[in-house]
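Hey, can you piece these two chains together into the complex? The hints should help.
Protein sequence lines correspond, in order, to chains Z and L.
Take the first sequence: its position 148, counting from 1, is numbered 148 in this note's numbering, and each next residue is one higher.
Take the second sequence: its position 170, counting from 1, is numbered 485 in this note's numbering, and each next residue is one higher.
Source of the hints: derived by calculation from the structure; they are not laboratory data.
Just so we're clear, the structure is a prediction, and the values are computed from it rather than from any experiment.
Some hints could be false.
Stated by the list, open to error - For lysine to aspartate or glutamate, the following EDC-like pairs were computed, each having C-alpha atoms within a straight-line distance of at most 16 Å: (1) Lys445/L <-> Glu435/L; (2) Lys194/Z <-> Asp591/L; (3) Lys376/L <-> Glu324/L; (4) Lys392/L <-> Glu359/L; (5) Lys587/L <-> Asp69/Z; (6) Lys446/L <-> Glu465/L; (7) Lys30/Z <-> Glu237/Z; (8) Lys195/Z <-> Asp591/L; (9) Lys261/Z <-> Asp582/L; (10) Lys376/L <-> Asp499/L; (11) Lys262/Z <-> Glu584/L; (12) Lys587/L <-> Glu199/Z; (13) Lys306/Z <-> Glu237/Z; (14) Lys306/Z <-> Glu3/Z; (15) Lys587/L <-> Asp234/Z; (16) Lys587/L <-> Glu128/Z; (17) Lys392/L <-> Glu354/L; (18) Lys123/Z <-> Glu113/Z; (19) Lys30/Z <-> Asp234/Z; (20) Lys194/Z <-> Glu584/L; (21) Lys587/L <-> Glu32/Z; (22) Lys170/Z <-> Glu84/Z; (23) Lys326/L <-> Glu354/L; (24) Lys261/Z <-> Asp580/L.
Claimed, not checked - If you want the ones that stay clear, here's a sample from chain Z, every Cβ over 12 Å from chain L, calculated: (25) Asp6; (26) Gly96; (27) Glu128; (28) Glu141; (29) Asp145; (30) Ser214; (31) Val303.
No residue lacks a Cβ here, since even glycine has one placed at the ideal position from N, Cα and C.
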Amino acid sequence: MLEVKDLRLYYATRKGVVRAVDKVSFTLEKGETLAIVGESGCGKSSMAKALIRLLPRNVHTYDGVVSLDGKNLMELSDEEFRREVRWRQISMVFQGAQNALNPVLKVGFQIAEPLMIQEGVPKEEALERARKALRMVGVHESFADRYPFELSGGMRQRAVIAMAMITNPKIIILDEPTSALDVITQANIMNLLKKIKQEREISYIFITHDIALSSELADRVAVMYAGQIVEFTDAEEFYTNPKHPYSQKLMASVPTLRSDKKLEFIPGAPPSLLNPPPGCRFHPRCDKAIPRCREEEPPEVAVKEKHYVKCWLYA
Amino acid sequence: MSGNGYLLEVKDLRKWFEVRRGIFSKPLWLKAVDGVSFELRPGEAVSLVGESGSGKTTLGKTILLLHEPTDGKIIFKGEDVTHLKDKKKLMWYRRETGLVQQDPFGAMPSFMTIYRILEEPLIIHKVGDKKEREEIIYKALEEVRLTPVEDFAPKYPHMLSGGQLQRVAIARALILRPSLVVADEPVSMLDASVRVEILNLMREMQESRNITFIYITHDLSTTRYFSEWIFIMYAGHIVERGPTQRVIRNPLHPYTKALLAAIPDPDPENRKRFRDVPPGEPPSLIAPPPGCRFAPRCPVAMDKCKKEEPPEVEVEHNHFVKCWLYV
Ligand SMILES: Nc1ncnc2c1ncn2[C@@H]1O[C@H](COP(=O)(O)OP(=O)(O)OP(=O)(O)O)[C@@H](O)[C@H]1O
Ligand SMILES: Nc1ncnc2c1ncn2[C@@H]1O[C@H](COP(=O)(O)OP(=O)(O)O)[C@@H](O)[C@H]1O
Ligand code: SF4
Ligand code: SF4
Ligand SMILES: [Mg+2]
Ligand SMILES: [Mg+2]
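One chain only, chain L, in its complex shape (with noise of 0.2 Å):
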């Protein structure tokens, strides 16, 4: 651990990806992630929520140093790991990180039987021998309750629903263990009836061996149920951060306004009222607008959220919003 405390602090991170509209245009950048800046103490647990594109995965991506970095930096336990060349120290990193993907049918190589998948990080981590790999991994699916184990460890893939399959996938991210855990929306898609279990069942094993977990998602609904932390993300931004309670409770930026707005419980008066949202789509992050990148569909905005981008501020104890307002 670092002298301050935290295990991961993440500073004015920027993932850019160059793309090309053709062969003879000049290249341009899209800014997936742009300027995200955090840090987390081991064993906590934070939800990483957004719409779709507004770089969620590039970002757990790019801190599992699973996409070069463009810019800022990465420190893991007080070393700086942002461009990390060392084979030694990449190895390192690996084994202290882990990945559970989407879509669990995609992230598992169809010909492997669960046990070799959850084998291979044993085996190119080189640990133990045969018989203590067998003793692991056998530990592994219990503690994932895919039980009996013996029934499990020999099927492929396809065998499985898509629940277990998920449970494997977090075996699989938990094997080496971790002391950091990117969990890239384990449950949308799976059925509502088994995602809660599976919620838990992750919550669990990140409380019991004090991992650092970011959970993300979408759905802003389960995150109650899973993380103390939630930061929320637009166009490339964290737009706002803080206490889960405390963020949905009393909402500052205007995004996570329109987002809570947006979500229905289920209620039988819902087919009476309409709901109080923005119109519009998120910005192109190619060319984002200046200023702010809600401005354009904020409903308070001002003439100054349109020509300089807001700094990000405390405005509580530990809960950050970048907007103008709170300047």
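Only chain Z is shown next, with the shape it has when bound in the complex (with noise of 0.2 Å):
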């Protein structure tokens, strides 16, 4: 239904050029959630709003195929996109989302907006479908006419989800959806999750730093690491037998509570998206690394159908 191909996102600043998103591929079938998993800064979160095309006002290049049912997005103008695709059939929930409500409008008034702007339909009539998004989400349709600070942290989140679902859209990028909330409120916001995703066909990018908490949701999976995709493949592979060596050190960094193992870390930080290494971007960590790495910049090999391993051992 997605498919993505080379895409890139680049920031201009002061030091130079960032490269956030650089050469991403990727597909998508309809009803199936992706999870995009990297530490802090891979450039997650500008892949998503390349994906929705709302971009800063420094870009220094956005380019490649973003194509929704074989039609290709990039080829739209912004207010094509802005039209046809952003909500209509993409929306997205923004990291940290919860705290940005607007505090002097009511709750029922903000999710209805998308409605209102984006599809031109009447007022109560959008009123009244906030407040069955409310419901449906398991929040009181009272809270419509209330105001974000009346709500808590988990209410203003499941807010948040109505909003991104109440255009219908074949797709919901979630950003973090959970990472500002407790465990207890986060297994409740998953279940929620998973209860929309048995009632209806709707496909999710589901974004997060946290490798066991991807594999709530994950159908397959993509790893991120210093602005490209590393590894992507189905979730039954990735959590039970990745392949990268970044996929594997990060997999036995994951502290788990049913399981005795010995955890493992990866030396060394995430390097600088403005200068990244040559060769392959993991080399400088990697004890598996060949002199190769260290000059050329790995394919993305297919080890199995529907599986890609960017990195040189497989090559």
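Shown next as structure tokens:
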């Protein structure tokens, strides 16, 4: 359904060009959830913004192919994209959105806003649908008439999810939808997202730095490192048998509650995207690196059907 | 050490904050820590776990006398330090205790070099001369593996990564060789791949120096790797405490059970099942519900729970729980 190819988003800064998203490719099927995992600053939110085309002013490069049901969205003008795609087909729950609600507008009105603005639905009808959306996410509809500060963190997050769903999009991008919430509230939100997924044929792109949490929703997983996708595979493969050395180490660093294992860590820190290392971007931290890794960028290798690894070990 | 072998004894400790809704309204009390008791021996490490707002930071800071205790007692090395007024005694307590804060960037003065940051506590406590201080600082940097030390000492905080800066924070908290350290969510701002490294480092230093260590975290899954004891906090109370493995394998309190049920391990089966967690969120600490504070969310609450606060009972050796189910 969604096919992304060689997507790039670079930012221009005083210090140089930040290559936040650097030739990223993946696919997403209808009703499927793709989890995008990676450490802070690796470009997850930038990729989301590139997909929904909400770009900051300092864009340096923005290109590639994003095709939805066979249509290349990159060829649309900003106006066409705004009218036809954003919210209607692809919507998004922004990182920290529950704290970015407008404090002086009632919750119901804010949920209804995309309907009124995007689809020109009359106010009364939009508000009615907002109340319905609130019920759907497990918040009593009377909260539609309250202000954001009157809602708890978990309820605000549900409201933000209602907002992303109200236009009935095909794809919802969830950028760290629970990272500011407590674990029990987080589990409640995951239950909600699972329920919505069961009831409607919706696709999620679920962005998170939390590997364990990603397995709550993921059918497919893309691992991002320094602006690139280094592994792309099924959930079954990824959580039991990751192939890329970075994915393997990352998995080994996740503390577990129910099984005993010795935890590992990755020495050093992720590289700057201003000036990423030549060759494989992971090579300064990789204990399997071979001389070639320092010079040549590894290709994306299909190690199996629908399992891609960007690493010289498999080339 | 006191005669009973404890380094730290906390007895029915309370910290209430005064809050005012408007200038004319009468003050209300926010009961952030509301009757907490426990003991720790020298060299014991405990994880203090709870949701945000449950009172972990307040408890840690009150124990370190960074907040004035409202009620209860803090006994350190057999001495009642609850309301230390004597300046010399207070200096002694500061020297004996250390704090590692959550946000490594916020906790470091940006205009000071790493060297100055580490030298400051030594100067305040009049440790050594200039030469001796240099030795201590270089050794401290080496211990937290910021090497070559000559490279790191002249740097400013913004030149370091979060993980490196958290090492500086650890070095600073330990530089006066304290016997009690509180680390408040020391790794929660760090990336998964470096978190374990910092936890290992803290654990190593805790063990080799026999430090009594209170590790505050909202992340239950890291506790097993760090401490032999675990305390579970909910709405200003410790609701369960005991040996880490026992509490994780055999949780008794319904809140602890919910907490454990909420946490996923990486597993492709997770997406096919729902998590068995109670709805709702923690109560207000200004007007907490009467009786058990978890009662409004507890799946097995009884009538009594909504009226009377449950006592803390020792269900098995060293395993305490504050719940009517076990009375
Ligand atoms: N508008 C911008 N101008 C310049 N650089 C930017 C801009 N937005 C983001 N960056 C940089 O791009 C890189 C990727 O940022 P991004 O927010 O996409 O990461 P992320 O993976 O979402 O991180 P996190 O897990 O912290 O949310 C970072 O180095 C960030 O500092
Ligand atoms: N200085 C303060 N003044 C008033 N309220 C405070 C203060 N510090 C903390 N609180 C309140 O005390 C409660 C417990 O907070 P805290 O100890 O920071 O919890 P935790 O560390 O578990 O997240 C919260 O409701 C918080 O808002
Ligand atoms: S390409 Fe080389 S350096 Fe990169 S992950 Fe593979 S082995 Fe390691
Ligand atoms: S005392 Fe009652 S309400 Fe509280 S946790 Fe125990 S059973 Fe539940
Ligand atoms: Mg982000
Ligand atoms: Mg805190």
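Here is how each hint holds up against the structure:
no. : hint                  : in the structure
1   : Lys445/L <-> Glu435/L : 12 Å, holds
2   : Lys194/Z <-> Asp591/L : 13 Å, holds
3   : Lys376/L <-> Glu324/L : 15 Å, holds
4   : Lys392/L <-> Glu359/L : 14 Å, holds
5   : Lys587/L <-> Asp69/Z  : 27 Å, violated
6   : Lys446/L <-> Glu465/L : 15 Å, holds
7   : Lys30/Z <-> Glu237/Z  : 20 Å, violated
8   : Lys195/Z <-> Asp591/L : 14 Å, holds
9   : Lys261/Z <-> Asp582/L : 15 Å, holds
10  : Lys376/L <-> Asp499/L : 9 Å, holds
11  : Lys262/Z <-> Glu584/L : 22 Å, violated
12  : Lys587/L <-> Glu199/Z : 14 Å, holds
13  : Lys306/Z <-> Glu237/Z : 10 Å, holds
14  : Lys306/Z <-> Glu3/Z   : 14 Å, holds
15  : Lys587/L <-> Asp234/Z : 14 Å, holds
16  : Lys587/L <-> Glu128/Z : 32 Å, violated
17  : Lys392/L <-> Glu354/L : 11 Å, holds
18  : Lys123/Z <-> Glu113/Z : 9 Å, holds
19  : Lys30/Z <-> Asp234/Z  : 15 Å, holds
20  : Lys194/Z <-> Glu584/L : 13 Å, holds
21  : Lys587/L <-> Glu32/Z  : 13 Å, holds
22  : Lys170/Z <-> Glu84/Z  : 12 Å, holds
23  : Lys326/L <-> Glu354/L : 8 Å, holds
24  : Lys261/Z <-> Asp580/L : 12 Å, holds
25  : Asp6                  : 27 Å, holds
26  : Gly96                 : 15 Å, holds
27  : Glu128                : 25 Å, holds
28  : Glu141                : 17 Å, holds
29  : Asp145                : 21 Å, holds
30  : Ser214                : 8 Å, violated
31  : Val303                : 18 Å, holds
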